[in-house]
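Engineer: Build out the structure end to end from the sequences listed, making use of the hints.
Number of protein chains: 2
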Amino acid sequence: MIHRLIDKIRQTQAPIVVGLDPMLKFIPSHLQKIAFERCGRNLEGAAEAVWLYNKGIIDAVYDLIPAVKPQIAMYEQFGIPGLTVFHKTVEYCKQKGLVVIGDIKRGDIGSTSEAYSVGHLGKVRIGDQDFYGFDEDFVTVNPYLGSDGVKPFLKVCQEEKKGIFVLVKTSNPSSGEFQDRLVDGRPLYEIVGEKVAQWGEECMEESYSYVGAVVGATYPEQGKILRKIMPKSFILVPGYGAQGGKGSDLVHFFNEDGLGAIVNSSRGIIAAYQQEKYARFGEEGYAEASRAAVLDMKEDIAQALSARLG
Amino acid sequence: MIHRLIDKIRQTQAPIVVGLDPMLKFIPSHLQKIAFERCGRNLEGAAEAVWLYNKGIIDAVYDLIPAVKPQIAMYEQFGIPGLTVFHKTVEYCKQKGLVVIGDIKRGDIGSTSEAYSVGHLGKVRIGDQDFYGFDEDFVTVNPYLGSDGVKPFLKVCQEEKKGIFVLVKTSNPSSGEFQDRLVDGRPLYEIVGEKVAQWGEECMEESYSYVGAVVGATYPEQGKILRKIMPKSFILVPGYGAQGGKGSDLVHFFNEDGLGAIVNSSRGIIAAYQQEKYARFGEEGYAEASRAAVLDMKEDIAQALSARLG
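Residue numbers (the working numbering), protein chains in the order written: chain A, 1 to 310; chain B, 311 to 620.
For the record, the hints were derived by calculation from the structure and aren't laboratory data.
Keep in mind it's a predicted model, so treat the numbers as computed, not measured.
Incorrect hints may appear among the rest.
Here are the simulated DMTMM-like pairs of lysine to aspartate or glutamate, each with C-alpha atoms no more than 20 Å apart in a straight line [claimed, not checked]:
no., chain 1, residue 1, chain 2, residue 2
1, B, Lys542, B, Glu566
2, A, Lys94, A, Asp7
3, B, Lys461, A, Glu177
4, B, Lys542, B, Asp567
5, B, Lys461, A, Asp180
6, A, Lys33, B, Glu609
7, A, Lys151, B, Asp490
8, B, Lys335, A, Asp130
9, A, Lys151, B, Asp317
10, B, Lys343, A, Asp128
11, A, Lys232, A, Glu205
12, B, Lys542, B, Glu511
13, B, Lys542, B, Glu586
14, A, Lys33, B, Asp438
15, B, Lys465, B, Glu511
16, A, Lys25, B, Asp438
17, B, Lys471, B, Asp440
18, A, Lys25, B, Asp440
19, B, Lys538, B, Asp494
20, B, Lys556, B, Glu609
21, A, Lys8, A, Glu160
22, B, Lys365, B, Asp317
23, B, Lys335, A, Glu205
24, B, Lys343, A, Asp130
25, A, Lys96, A, Asp7
Structural biologist: Here is the structure:
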């Protein structure tokens, strides 16, 4: 799957992932109206509004980008109807040819991590048949429980040719509270990064491993170091745009081959129409505003990368 | 809610939580047969089997225990039908008067943690009404992202009078890989434990805070130290039974008042009938075997605690 992600990045010339992190306050009122009329002003109605909103955005941008990253929490908040739309969104994106990174940040002890990996990447055996639960292509994984929490994901990835991104240095302001604590004089995130590189050694598809890492755009200096520690790992970079990361911050997350990183933007794309810059599209044109924002993001990153090479 | 948990512990004389972590291999064949005939040999059928199995156990043990801890991964592996049964199990346990600890180990950056806490402990606003998603009483939280990943949970706990248990030192063999790394000469789990105590200071209900911690029964020495670092926090102790923790290992997790810890057993209770010791109940008597195992566990812990006081 990492190979497929690389192919798609090359084909679209866009190391970009659109974060499908819907919140009701982003969803245009005409879509909320349709959804509430159809399903009621309740969890089902909210989930339907999310679905209509997502579909509009996906249809408008799918040809420009290699991948999407639905954040499951934004669906889980609407209970079962929300998670049903998460699943529907995953399926629809895959039909559109997109690589789907489930941003689930799961992680538990061995047998429980096995259940998560089966449910999100693999299949569960019932009688003599196998069934897929959510069937994303990649998921994000929390490493706090150590190797035996991560390895069940690797096993399923090997079987299914899928991949994971392990949280190493997250984009939020207090990520340093534990991740930056010095262990033998070096921050914990470097130790986690070394483990990612090590787990990846046996999980190679040509020149990259399918054990990637999450490193926030808001920490470019740390990104530079982690890039060296994990040369064969793709870095999923959140925090661009709304969280403050800029194109010029991103260059160090990439390798010399121009690959090795994929930059996420969520509300900067999906709620672009609420920004002054894209206000001309209006609420009704929210999906076209998202398309314009993707094109601008692509340009911003391409410029930063070419300035580095130039 | 921590106050209610304490009342229930006193009333049942059992600082015990039963982990509802169903796996198909635990579910007696007569229940699988009914479920598959009813719903098909598919995700729906597997989820129905889980439901029938859970209901039998809950009905057999609810009067003996204060709380249950459904592990969401075991439901999530069956996709939407599985999560629907997770929700149904939460609701049923609450009807039976049990305190429900959702073992979800979520944790993310601020706005995303907010969505998880709303979905699992609080309510989401849709139009001018509020709706509950999963509505557990407590959830487990992963601290790797730091304070701004945890604080949204605290805010919802304050509003809803609920609580959390933060992962501090987990029960699995490789928990030490990151959690034991020395920071200024002290293991990381102590630093996390200090944070738990600090978060708890503003979250008190009488003598205990509703910010608890998870510390594995498999690490009694660490439990002793963490007990001192977090004197006002309840400790949720997994790893008893199947994972190797014994009654005598547990005493240090408790305070002098005989409170402060709640010990989880999952497969040791719910799959008791598969053990030699309870084989007399047979597959059909799986729920009665679970009841016998709860009574034995209660006795084991009571003996260990009275030996310590004596």
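Engineer: Next step is simple, just say for each hint if it's right about the structure.
Structural biologist: Here is what the structure says about each hint:
no.: 1; hint: Lys542(B) x Glu566(B); verdict: holds, 12 Å
no.: 2; hint: Lys94(A) x Asp7(A); verdict: holds, 15 Å
no.: 3; hint: Lys461(B) x Glu177(A); verdict: holds, 13 Å
no.: 4; hint: Lys542(B) x Asp567(B); verdict: holds, 11 Å
no.: 5; hint: Lys461(B) x Asp180(A); verdict: holds, 19 Å
no.: 6; hint: Lys33(A) x Glu609(B); verdict: violated, 58 Å
no.: 7; hint: Lys151(A) x Asp490(B); verdict: holds, 19 Å
no.: 8; hint: Lys335(B) x Asp130(A); verdict: holds, 15 Å
no.: 9; hint: Lys151(A) x Asp317(B); verdict: violated, 40 Å
no.: 10; hint: Lys343(B) x Asp128(A); verdict: holds, 14 Å
no.: 11; hint: Lys232(A) x Glu205(A); verdict: holds, 10 Å
no.: 12; hint: Lys542(B) x Glu511(B); verdict: holds, 8 Å
no.: 13; hint: Lys542(B) x Glu586(B); verdict: violated, 39 Å
no.: 14; hint: Lys33(A) x Asp438(B); verdict: holds, 14 Å
no.: 15; hint: Lys465(B) x Glu511(B); verdict: holds, 13 Å
no.: 16; hint: Lys25(A) x Asp438(B); verdict: holds, 13 Å
no.: 17; hint: Lys471(B) x Asp440(B); verdict: holds, 16 Å
no.: 18; hint: Lys25(A) x Asp440(B); verdict: holds, 15 Å
no.: 19; hint: Lys538(B) x Asp494(B); verdict: holds, 19 Å
no.: 20; hint: Lys556(B) x Glu609(B); verdict: holds, 12 Å
no.: 21; hint: Lys8(A) x Glu160(A); verdict: holds, 19 Å
no.: 22; hint: Lys365(B) x Asp317(B); verdict: violated, 24 Å
no.: 23; hint: Lys335(B) x Glu205(A); verdict: violated, 34 Å
no.: 24; hint: Lys343(B) x Asp130(A); verdict: holds, 18 Å
no.: 25; hint: Lys96(A) x Asp7(A); verdict: holds, 15 Å
In the structure shown, a violation is registered for the earlier hints numbered 6, 9, 13, 22, 23, in ascending order.
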